[in-house]
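**Student:** Take a look at the letters that make up each chain.
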Amino acid sequence: MNTPTSHSGFTPIAPRPSPVRTTGFVAWSRRNLFSGIGNTLTTLFVLALGIYALPGILQWGVVQAVFAPDASACQAARGTGACWGVVAEKYRLILLGRYPFEEHWRPVLATSLMLAGLVVSCIRMFWKPWLAIMWVAIMGLFFALMAGGVMGLSPVRTDLWGGLPLTVLLATVSIFLAFPLSVVVALGRRSHLPAIRSVCVVYIELIRGVPLISVLFMASFMFPLFMPQGVSIDVLTRVVVGITLFAAAYMAEIIRGGLQAIPKGQLEAADTLGLSYWQTQRKVVLPQALAMVVPSIMNNFISIFKDTSLVTIVSMYELTGALSLALNSDVEWRPFKIEAYLFITLVYFVFCFAMSRYSLWVEKQLSTSKAR
Amino acid sequence: MTTSSTAEPIIRFDKVNKWYGNDFHVLRDIDLDVAKGERIVVCGPSGSGKSTLIRCINRLEEHQQGHLTVDGIELTDDIKAIDKVRKEVGMVFQQFNLFPHLTVLENLTLSPMWVGKIPKKEAEERAMQQLKRVRIAEQASKYPLQLSGGQQQRVAIARALCLTPKIMLFDEPTSALDPEMIKEVLDVMIELANQGITMICVTHEMGFAKAVADRVIFMDQGQIVEQNTPHAFFNNPQNERSRDFLSKILGH
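If you're matching them up, the sequences are chains A and D in order.
With this note's numbering, the residue at position 116 of the first sequence is 116, and numbering never jumps.
In this note's numbering, each residue carries its 1-based index in the second sequence increased by 1000.
In case anyone wonders, no lab produced these hints; they're calculated from the structure.
Please note that a few of the clues may not be correct.
[Said to hold, decoys possible] Straight-line Cα separation of at most 25 Å, DSS-like style, residue types lysine-lysine; simulated pairs: (1) D:1121 - A:283; (2) D:1080 - A:128; (3) D:1183 - A:283; (4) D:1080 - A:264; (5) D:1142 - A:364; (6) A:283 - A:128; (7) D:1248 - A:283; (8) A:283 - D:1210.
[As the list claims (entries may be wrong)] Covered stretches of chain D (chain A as the covering partner; in silico rule of three or more C-beta atoms under 8 Å from a C-beta of chain A): (9) 1043–1050; (10) 1106–1114; (11) 1175–1187.
We put the CB at the ideal spot given by N, CA and C, even for glycine.
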């Protein structure tokens, strides 16, 4: 039907809904799960796998499991049911390490404070100058509560700190210190001044060339050898310095990648506008570079959080180390390590998944200015 | 030859030579005087050194030989001299080079506030004035990527104008634009040209040259081959190479 369109009469066509549904669950499954023969077969295979495995997992994990902290019941159910009783029995030791039993309220309060502070810091509404003051207060309270010796609290040595509070403390402080250091090192590596550039390159390559374990080992055992007699630096400080230096080297390379991706024209425009080097970096380059590498940086943060488990090598028992401590010496409960590990896996997962989701939120926030 | 008074030229190239690396001689014995308020169009085939020429004026490129003086200040490695020159010279790029993470208004107020140390309110007022001048004031709170190419280039022009420069350099400002948008940018540039600012424009838009330029400079292989008034240059090119170039670009 090829009727010529008349010039005088133009009838606009009102929008109609699409005949094929493109949104909604049915459309989603058709597109993602059943789109071709390969996909459909894979979906059916995975479903079959789930149907085969799920009852077994439920049997072991829920139906036949022992929830009470009863060692003999657990022994009896061995092989057929999970022993969640180990968690019920040992959770305080796993979560809080060697901290004195009666003073457990202190690390619990201190960690809750720090976690609350972290949550508040993540929300855009609170990105104001007083946030810095809040953090000084939180850190002060944290150390006062954990170390004691003030406000009538009994002193507790730092090598007794352990479990989740230690993990959170190490991760938070190391990340917080490593980030500005990594920005400086990344900029330094791209500097035109050979002295600065060499120092940064040597630092990055040295640290990247060795595993975190050796960095911690060196920080903990070799560092005191260089100190004058009588001066001993607290083991916690040494460990934090080690993790910070390690994290900063990797983050510096991530940030350098972002810096390289900035088009030269941006720098030329900043030059013609008369901006100095630091003004250009602060107002033009870094905002764009950091926004670009948010996924990689958050990835690194998540790694650091889990890398804290390596401090066991220097006899600091954070979450993973405390688990070994709790179970290795106890013959009754030692066979049920799997359940205990699943428990701390869940704890790690909660934290890491939260960081992961937060990363996506940050990316979305930053990209709203780029969309048309 | 310029018909200016006995006043000092605002830009003087004196036997300026530049090399890229050891072998590529990109600017060869450039001698050029630009008078205050003069409007110059530089044209030529690609690779002729036109962009390099104007980029030397605000030291985005360094020349290795000869003397280049802008507004009485000689351009050397002296950073203070370079900063002073950059305050007087504004530049508009082919790729706009707006800051995508800042709004249009923030793009314009960045330098006055941070370099000129002007308080925010005043900087914003000046910025709005410039935006009105390029007829894009209603887009002030948008981000550059939300604007069309022609709008972005006009914002770039306004941004350069915010620093009240004495000299404006344009490096192929319309080459990256869709044809419909070229007109809006050229209109702004013509208005600007009629307001007394010294302008040097590298462009292929010969219509613009005819409308506005006091002098057209034709460059080829790093040298100034011919310079004349637009009328004389387009109607009666003296040099073989100029004739060749014109026949190619004016052919269609």
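**Student:** Run every hint past the structure and note whether it holds.
**Tutor:** Hint check results:
1. With a CA separation close to 19 Å, the supplied pair residue 1121 of chain D and residue 283 of chain A stays within the 25 Å bound.
2. At most 25 Å may separate the alpha-carbon atoms for a hinted pair to count; residue 1080 of chain D and residue 128 of chain A exceed this at roughly 36 Å.
3. Pair hint residue 1183 of chain D plus residue 283 of chain A does not hold up; C-alpha atoms about 32 Å apart against a cutoff of 25 Å.
4. Our distance criterion of 25 Å between C-alpha atoms is met by residue 1080 of chain D and residue 264 of chain A, whose separation comes to about 23 Å.
5. The straight-line distance between the Cα atoms of residue 1142 of chain D and residue 364 of chain A is roughly 18 Å, inside the 25 Å bound, and the hint therefore holds.
6. A C-alpha spacing of about 18 Å is found between residue 283 of chain A and residue 128 of chain A, which places the hinted pair at or below 25 Å, so the restraint holds.
7. At roughly 44 Å between alpha-carbon atoms, residue 1248 of chain D and residue 283 of chain A are farther apart than 25 Å, so this suggested pair is violated.
8. Proposed proximity of residue 283 of chain A and residue 1210 of chain D is contradicted: the alpha carbons are some 40 Å apart, above 25 Å.
9. Counting residues of the region 1043–1050 of chain D whose beta carbon lies closer than 8 Å to any beta carbon of chain A gives 0, which falls short of the minimum of three for the stated coverage.
10. Remark: the region 1106–1114 of chain D is confirmed as covered by chain A, as 3 of its residues place a Cβ nearer than 8 Å to a Cβ of that chain, reaching the required three.
11. Counting residues of the region 1175–1187 of chain D whose C-beta lies closer than 8 Å to any C-beta of chain A gives 0; at least three are required, and the coverage claim is violated.
Figure legend: structure checked against the earlier numbered hints; hints not met, in rising order: 2, 3, 7, 8, 9, 11.
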